[in-house]
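S.K.: Residue-level listing of the chains:
Protein chains: 2
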Amino acid sequence: MTTVLAPERSRKRDADATRAAILAAAKKHFAQSGYDGAFLRDIAADAGADAALINRYFGGKDGLFAAALKDSIAPDRIAQWDRKTFGREVATMMAGHAHAQVDRMHSFQFLLQAATNPTTAPLLNEAVQERFMCPIRDWIGGDDVEARARLLASVFIGLLVERLIRDEPLEGPERDAFIERTAAMLQSLVEH
Amino acid sequence: MTTVLAPERSRKRDADATRAAILAAAKKHFAQSGYDGAFLRDIAADAGADAALINRYFGGKDGLFAAALKDSIAPDRIAQWDRKTFGREVATMMAGHAHAQVDRMHSFQFLLQAATNPTTAPLLNEAVQERFMCPIRDWIGGDDVEARARLLASVFIGLLVERLIRDEPLEGPERDAFIERTAAMLQSLVEH
DNA sequence: AGCCTATGTCATTCTCCGTTGACTTGGACA
DNA sequence: TGTCCAAGTCAACGGAGAATGACATAGGCT
Numbered sequence: 004m005t006t007v008l009a010p011e012r013s014r015k016r017d018a019d020a021t022r023a024a025i026l027a028a029a030k031k032h033f034a035q036s037g038y039d040g041a042f043l044r045d046i047a048a049d050a051g052a053d054a055a056l057i058n059r060y061f062g063g064k065d066g067l068f069a070a071a072l073k074d075s076i077a078p079d080r081i082a083q084w085d086r087k088t089f090g091r092e093v094a095t096m097m098a099g100h101a102h103a104q105v106d107r108m109h110s111f112q113f114l115l116q117a118a119t120n121p122t123t124a125p126l127l128n129e130a131v132q133e134r135f136m137c138p139i140r141d142w143i144g145g146d147d148v149e150a151r152a153r154l155l156a157s158v159f160i161g162l163l164v165e166r167l168i169r170d171e172p173l174e175g176p177e178r179d180a181f182i183e184r185t186a187a188m189l190q191s192l193v194e195h
Numbered sequence: 004m005t006t007v008l009a010p011e012r013s014r015k016r017d018a019d020a021t022r023a024a025i026l027a028a029a030k031k032h033f034a035q036s037g038y039d040g041a042f043l044r045d046i047a048a049d050a051g052a053d054a055a056l057i058n059r060y061f062g063g064k065d066g067l068f069a070a071a072l073k074d075s076i077a078p079d080r081i082a083q084w085d086r087k088t089f090g091r092e093v094a095t096m097m098a099g100h101a102h103a104q105v106d107r108m109h110s111f112q113f114l115l116q117a118a119t120n121p122t123t124a125p126l127l128n129e130a131v132q133e134r135f136m137c138p139i140r141d142w143i144g145g146d147d148v149e150a151r152a153r154l155l156a157s158v159f160i161g162l163l164v165e166r167l168i169r170d171e172p173l174e175g176p177e178r179d180a181f182i183e184r185t186a187a188m189l190q191s192l193v194e195h
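Chains as they are written, first to last, in the working numbering: chain D, 4 to 195; chain A, 4 to 195.
The set of hints was computed from the structure by calculation and includes no laboratory data.
Some clues are possibly wrong.
Identical copies carry no separate label here, and so any pair may be met within one copy or between two of them.
Claimed, not checked - Capping the alpha-carbon separation at 20 Å, the derived lysine to aspartate or glutamate pairs in DMTMM-like fashion look like this:
| id | residue 1 | residue 2 |
| --- | --- | --- |
| 1 | 64 | 39 |
| 2 | 73 | 170 |
| 3 | 15 | 53 |
| 4 | 87 | 141 |
| 5 | 87 | 65 |
| 6 | 64 | 85 |
| 7 | 64 | 147 |
| 8 | 73 | 85 |
| 9 | 64 | 74 |
| 10 | 64 | 183 |
All of these numbers come straight from a predicted model, not from anything done at the bench.
Generate coordinates for the entire structure from the input sequences, incorporating the hints supplied.
M.R.: Here you go:
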């Protein structure tokens with residue numbers, strides 16, 4: 004809203020930079036407000052550009068959203084996780100402050116927004132399958148791969164959402180208990 | 004959309020019944036489509052009423068949403084869950100089609116929609132804690148109540164989101180495996 | 001029966017927002 | 001320096017959907 008991604012003095016007619024600024028602003032706004040709640044005029048203003056340029060560069064709001072979505076789904080590091088310590092690592096991360104890594108949460112928040120909007124949800128499936136579910140399936144292996152992969156993804160998502168919407172994180176023994184139980188739950192899904 | 008909550012022949016000028024029908028339709032539409040994606044005309048049509056009545060009875064879309072939220076967040080349902088069969092019941096529901104039999108999960112889906120919309124999210128925090136998390140805590144009891152309650156809510160949310168994202172539900176043995184594992188996971192959080 | 005008010009209907013208006021197309025300007029190149 | 005195209009600006013259009021208010025009517029009450 005008030006924060007402007009672009010410097011106060013506008014770029015010097017650099018189409019690529021303008022396009023990138025619009026895309027960055029779009030990712031931010033879509034992640035914060037969802038497809039319907041994000042307005043092209045706001046995005047353009049945030050990027051220090053004119054709303055008409057969105058049409059020129061992205062072909063409309065749909066195109067901008069698709070571009071932002073594609074850009075938000077970063078290559079994953081799923082295969083690099085350590086299967087031994089996976090549960091505890093994730094659990095510890097989830098027990099932390101939600102605002103500690105706001106930037107890293109943007110892409111997820113974007114996905115969550117897209118997923119909860121019936122009109123944009125269909126756009127997700129292909130990308131999510133390819134970038135997340137397939138690597139997860141390969142990584143966990145064992146029996147009931149499909150079921151375990153979906154369940155793992157579900158738990159992961161749920162923990163992230165809870166992390167986003169909760170106002171105060173757990174402290175003390177309750178936090179330890181949360182980590183302990185969460186770690187065990189995740190780990191049980193990873194081990195065959 | 005096509006399903007009409009009210010009987011084919013309209014009520015006989017019963018304001019309370021009309022109000023209730025509108026509220027029921029609103030809960031359904033808001034849960035499915037979110038605040039922005041739910042249209043008053045659709046809600047009114049679904050309730051077998053005129054859109055103008057929404058204004059009369061609820062003072063506008065905001066008022067209707069607030070009323071539907073308040074009604075959705077009522078704690079009555081939680082205590083009614085059967086602790087013995089809880090895991091399997093929820094798991095079976097989650098394994099079904101996203102648009103089938105969501106009646107019991109309307110309130111959860113409503114919360115998810117409200118939580119991901121910046122304009123409606125502020126309405127949630129206090130109400131969710133008081134009327135949602137507290138009953139859950141009371142219901143599950145036992146040790147580590149706070150941690151288990153949060154974990155349970157997280158898993159629930161994650162399963163809901165996964166339902167929204169996926170385009171095709173599981174079938175056959177994979178479905179059975181999913182239900183089995185999900186039921187066990189949920190049940191382990193409920194039993195002390 | 002005959003009013004009278006609450007209930008329901010309809011057409012219209014208002015507002016917001018995405019989109020469009022004509023217009024202006026900067027700057028690269030000859 | 002002059003030309004020309006891409007980059008950027010501006011105002012207006014159109015559709016969608018919420019809100020409004022005038023109008024119609026059912027049905028209780030006297």
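S.K.: Now, for every hint given, state plainly whether the structure supports it.
M.R.: Evaluation of the provided hints:
1. Taking CA atoms no more than 20 Å apart as the test, residue 64 paired with residue 39 passes in both settings, with 10 Å inside one copy and 16 Å between copies.
2. In this assembly of identical chains, residue 73 and residue 170 lie within 20 Å of each other by CA distance solely across copies; the values are 19 Å between and 30 Å within a copy.
3. For the identical chains of this complex, residue 15 and residue 53 are intra-copy neighbours only, at 14 Å inside a copy versus 54 Å across copies, given an alpha-carbon limit of 20 Å.
4. Proximity of residue 87 and residue 141 under a CA criterion of 20 Å is satisfied intra-copy only: 16 Å inside one chain copy versus 35 Å between copies.
5. Proximity of residue 87 and residue 65 under a CA criterion of 20 Å is satisfied in neither setting, with 39 Å inside one chain copy and 47 Å between copies.
6. Taking the shortest Cα distances, residue 64 and residue 85 never come within 20 Å of each other, neither inside one copy (36 Å) nor across copies (46 Å).
7. Within a single copy, residue 64 and residue 147 get their C-alpha atoms no closer than 40 Å, and across copies no closer than 45 Å, so neither meets the 20 Å cut-off.
8. Neither within a single protomer nor between protomers do residue 73 and residue 85 lie at most 20 Å apart by alpha-carbon distance, with minima of 24 Å and 43 Å respectively.
9. In this assembly of identical chains, the alpha carbons of residue 64 and residue 74 lie at most 20 Å apart only when taken from the same copy (15 Å versus 34 Å across copies).
10. Taking CA atoms no more than 20 Å apart as the test, residue 64 paired with residue 183 passes in neither setting, with 41 Å inside one copy and 42 Å between copies.
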